[in-house]
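Student: Listed here are the chains, written in short residue letters.
Protein chains: 2
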Amino acid sequence: MKTLIIGGAGFIGSHLCDSLINQGHKVGCADNFSIGTKENIEHLFENKNFKLYEIDAADRKKLRDLFQDFIPDYVFHLAANSDIQASAVNPDVEYRNTYTTTFEILSAMREYGVKKLFFASTSAVYGDKCNIELDENTPGLAPISYYGAAKLGCEGLISAFSYMNDIQSLVFRFPNVIGPRLTHGVIYDFIGRLNKDPEHLRILGNGKQTKPYIYVLDLVKAILQFMETGNRGVTLYNVGVEGDTTVTRIADMICEEMGLKNVIYEYTGGEGGWKGDVPRFRYCLDKIHQAGWRAEYSSDVAVRKTVQEVLKGKRD
Amino acid sequence: MKTLIIGGAGFIGSHLCDSLINQGHKVGCADNFSIGTKENIEHLFENKNFKLYEIDAADRKKLRDLFQDFIPDYVFHLAANSDIQASAVNPDVEYRNTYTTTFEILSAMREYGVKKLFFASTSAVYGDKCNIELDENTPGLAPISYYGAAKLGCEGLISAFSYMNDIQSLVFRFPNVIGPRLTHGVIYDFIGRLNKDPEHLRILGNGKQTKPYIYVLDLVKAILQFMETGNRGVTLYNVGVEGDTTVTRIADMICEEMGLKNVIYEYTGGEGGWKGDVPRFRYCLDKIHQAGWRAEYSSDVAVRKTVQEVLKGKRD
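If you read the sequences in order, they're chains H and F. Here the first sequence is numbered in my numbering, starting from 67 and rising by one per residue. Here the second sequence is numbered in my numbering, starting from 67 and rising by one per residue.
Treat the hints loosely; a few may be bogus.
Since the list gives no way to pick one copy over another, a pair counts as held whenever it fits inside one copy or between any two copies.
[Claimed, not checked] 30 Å max Cα-Cα, derived DSBU-like pairs, lysine-lysine:
# : residue 1 : residue 2
1 : Lys341    : Lys181
2 : Lys127    : Lys117
3 : Lys353    : Lys195
4 : Lys182    : Lys341
5 : Lys117    : Lys274
6 : Lys181    : Lys195
7 : Lys380    : Lys181
8 : Lys68     : Lys117
9 : Lys341    : Lys127
Treat the hints as calculated values from the structure; they're not laboratory data.
Can you build the whole structure from these sequences, using the hints too?
Tutor: What follows is the structure, given as structure tokens:
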């Protein structure tokens, strides 16, 4: 199959490129390299089934040129701002990199008759609903971050474009995703800070923020599980793992793996790490489990494994 | 109070300007006159409490200049594409006129510290759910039109901007709105066609599309009812009327009021009027009724009254 991965040089996208190449698919990889890096994909450059397009998906003309050159069977759309803290300060980032990219990709699919989309959505569309087990039909979606808002807007676009143009769409609401090639987030930040100062660790919030962390290769398997399904319209899945991990527990694991003792944790206080952060959520995973996928690694195991791999400089 | 009505020269917006002026508020009216008309507001030009801004809300610079000149207490955001059939052919219209305008208005409110927003949303955010009585918490919002998709995206933006910037927002999901100054829609179209050919009437779909029609002045009262409420965050209301009216019934009423007999109805067939049209929906109105508002006119009465007024050329 001809697969187009938009945001293909990013953290998740580059792992998806690897898996699709390994399965024998042709891979078009589009990235603007604002967050993604060539380092993530350079091992694929010589592969005859791999083609790189250095473009910004919000650029209508260049995206159309790409579709003209490489009409895909499947589009995997992972292009977005992924740094929620950054866009909390500047919502324009979400308008452009998350919403507009999605609008342009759907418009190009409409123009070129591409009929299958995989989309990376997020738990952030639910907003702050810490007392509810979130399933795909939980009502009252009320994002509290600009990131969650833009992704909810994207889900709306996908709903309408899918209906109007007979596109089959799979929308995955991701939790926190971790593993090799991580570019930001709590694990990445803590290791960086402890490398600079192994005696103190500044921790945003009260450390009790509790989230499920999924290992990136588990997530890629979840996506690929649905390559050959044939439902019409939009199908939504929560993608998640067993258990969850507090921020303080992550700090503990990092200190253990780095061999640091008696590190002083300096909490900034408050329930969320920053305004717009959802401090705690739980997913109901019945739907995706019933569809035949289940994560191999629990949240704690995924965190431990990621910490070890990041410390070792593992990239694959 | 200083009130800013964006889309204030449009069908609904101009009636809102009238009511706010009558209540003694200062009114800033912003419109790009793409759908709105000077005719709708020219009777206000000499009023010292009325100020017109001829700008496009998607134009960041000009919108900021407006806020600089007229920092409002309340923003009423009615600027959007309102012609769903038009955007079915060209989704760019919704991206620009519905979503981008909302993003820019919220960004300006954030920058200028404006804390109260009234937003015109739509039943189209629900998608096609003909067998359910839709309440504000109905899950699985799945718009089938680009219009509904853009409005759902706007609701997401309002959720996040309200949380992040302590804005109080009232979001009204309107049904079909009719009355004097109507610019398009089934009543407007049928009268136009029958004026050209009083013997035949082309009717999109099978004529059984059934919707609640609200009289515009009832709707304006619903909005103004909430001027002084003080909830934080976002409050959502379905706004609607008792009963609903089929498209064929509308045609019958128009023929009666025009004194036409034996008009041949030529149905184009199919359940919806066009792709993306939701052929039937029903609202649960408990929430807004409990808040103290109820429409004066039923759907059938609103249709009859509108037909009479449009035929008479009534504009106020």
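Student: Hint by hint, note whether the structure agrees.
Tutor: Each hint, compared with the structure:
For the identical chains of this complex, Lys341 and Lys181 are inter-copy neighbours only, at 18 Å across copies versus 38 Å inside a copy, given an alpha-carbon limit of 30 Å. Only within a single protomer do Lys127 and Lys117 lie at most 30 Å apart by alpha-carbon distance; the minimum there is 19 Å, versus 40 Å between protomers. For a Cα distance limit of 30 Å, the shortest separation of Lys353 from Lys195 qualifies both inside one copy, at 19 Å, and across copies, at 21 Å. Taking the shortest Cα distances, Lys182 and Lys341 sit within 30 Å of each other only across copies (20 Å), while inside one copy they are farther apart (36 Å).
Neither within a single protomer nor between protomers do Lys117 and Lys274 lie at most 30 Å apart by alpha-carbon distance, with minima of 44 Å and 52 Å respectively. With identical chains, the CA atoms of Lys181 and Lys195 are at most 30 Å apart between copies only, with a shortest distance of 24 Å across copies and 34 Å within one. For a Cα distance limit of 30 Å, the shortest separation of Lys380 from Lys181 qualifies neither inside one copy, at 36 Å, nor across copies, at 48 Å. Taking the shortest alpha-carbon separations for Lys68 and Lys117, only the intra-copy value of 11 Å comes in at or below 30 Å, while the best inter-copy value is 56 Å.
Only between protomers do Lys341 and Lys127 lie at most 30 Å apart by alpha-carbon distance; the minimum there is 27 Å, versus 36 Å within a single protomer.
Checked against the numbered hints given earlier, this structure breaks hints 5, 7; the rest are met.
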